[in-house]
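K.L.:
For the protein sequence lines, the chains are A and B, in the order given. Numbering (my numbering) for the first sequence: 3 to 116. Numbering (my numbering) for the second sequence: 1453 to 1564.
If you're looking for bench data, these hints aren't it; they were derived computationally from the structure. Keep in mind it's a predicted model, so treat the numbers as computed, not measured. Treat the hints loosely; a few may be bogus.
[Claimed, not checked] Derived DSS-like pairs: lysine-lysine, alpha-carbon spacing no greater than 25 Å straight-line:
(1) Lys59/A - Lys1497/B
(2) Lys112/A - Lys1497/B
(3) Lys55/A - Lys80/A
(4) Lys1509/B - Lys1497/B
(5) Lys1509/B - Lys1489/B
(6) Lys80/A - Lys5/A
(7) Lys1509/B - Lys1559/B
(8) Lys1509/B - Lys112/A
(9) Lys55/A - Lys5/A
(10) Lys1523/B - Lys1559/B
(11) Lys1489/B - Lys5/A
(12) Lys80/A - Lys112/A
(13) Lys61/A - Lys80/A
(14) Lys64/A - Lys5/A
(15) Lys1489/B - Lys112/A
(16) Lys80/A - Lys59/A
(17) Lys61/A - Lys5/A
(18) Lys5/A - Lys1497/B
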Amino acid sequence: GPKVLQIPSHQIIDMGQMVTLNCDPVSNHLYFYWYKQILGQQMEFLVNFYNGKVMEKSKLFKDQFSVERPDGSYFTLKIQPTALEDSAVYFCASRPGQSNERLFFGHGTKLSVL
Amino acid sequence: GEQVEQLPSILRVQEGSSASINCTYENSASNYFPWYKQEPGENPKLIIDIRSNMERKQTQGLIVLLDKKAKRFSLHITDTQPGDSAMYFCAASATSGTYQRFGTGTKLQVVP
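Could you put the whole structure together from the sequences, leaning on the hints where they help?
P.N.:
This is how it looks when you write it as structure tokens:
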């Protein structure tokens, strides 16, 4: 079936450094999402993105966070600077269009901030 | 708020029995309700979903019920097997393009 690819699968970084998480959504999908999951806990919405713009973001989407998808390439989540509490698994998801609600999730990037 | 509450947080059942997980939502505009199964180290995988024009849906040992008046929906796993042991998440979203709000999760343990 359609796959969302996330690169890398694991990223270890020192606190204060910048990190970029990459997502390759399903090719004909229009809506893109980032969710954050701390081990064993619920999936928490960060941000969604459509037509080159952020549509909604949660309180977890701090000022240090940004997203973009330049020219239809990777959909990226950048954190600059990182903090210890940013350690989590970040899942990217995409879906085709407004009438279809099903989300397709990537396998996640585990971010460890030391 | 627009929370999705999910209970129980932990559910332990005997193999072969049924398991039920319940969720409630607050946003009356919600019209799509997926259920996900997540195994350790994996991404959440859609196992069944229901839209607001239905009250019941069944597929391969899974039943979902939706009570729009009560803003409540539930997942029932019949004839549970050890392979059903995992985290289960409910979610709710509205067609207006807003995001899926996830429940807090249920850790299901099926014991032989």
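K.L.:
Next, verify each hint and record whether it holds.
P.N.:
Going down the list of hints, with the structure as the test:
no.: 1; hint: Lys59/A - Lys1497/B; in the structure: 23 Å, holds
no.: 2; hint: Lys112/A - Lys1497/B; in the structure: 18 Å, holds
no.: 3; hint: Lys55/A - Lys80/A; in the structure: 15 Å, holds
no.: 4; hint: Lys1509/B - Lys1497/B; in the structure: 18 Å, holds
no.: 5; hint: Lys1509/B - Lys1489/B; in the structure: 17 Å, holds
no.: 6; hint: Lys80/A - Lys5/A; in the structure: 22 Å, holds
no.: 7; hint: Lys1509/B - Lys1559/B; in the structure: 22 Å, holds
no.: 8; hint: Lys1509/B - Lys112/A; in the structure: 35 Å, violated
no.: 9; hint: Lys55/A - Lys5/A; in the structure: 23 Å, holds
no.: 10; hint: Lys1523/B - Lys1559/B; in the structure: 22 Å, holds
no.: 11; hint: Lys1489/B - Lys5/A; in the structure: 17 Å, holds
no.: 12; hint: Lys80/A - Lys112/A; in the structure: 14 Å, holds
no.: 13; hint: Lys61/A - Lys80/A; in the structure: 16 Å, holds
no.: 14; hint: Lys64/A - Lys5/A; in the structure: 28 Å, violated
no.: 15; hint: Lys1489/B - Lys112/A; in the structure: 19 Å, holds
no.: 16; hint: Lys80/A - Lys59/A; in the structure: 14 Å, holds
no.: 17; hint: Lys61/A - Lys5/A; in the structure: 28 Å, violated
no.: 18; hint: Lys5/A - Lys1497/B; in the structure: 12 Å, holds
Consistency note: the structure conflicts with the earlier hints numbered 8, 14, 17.
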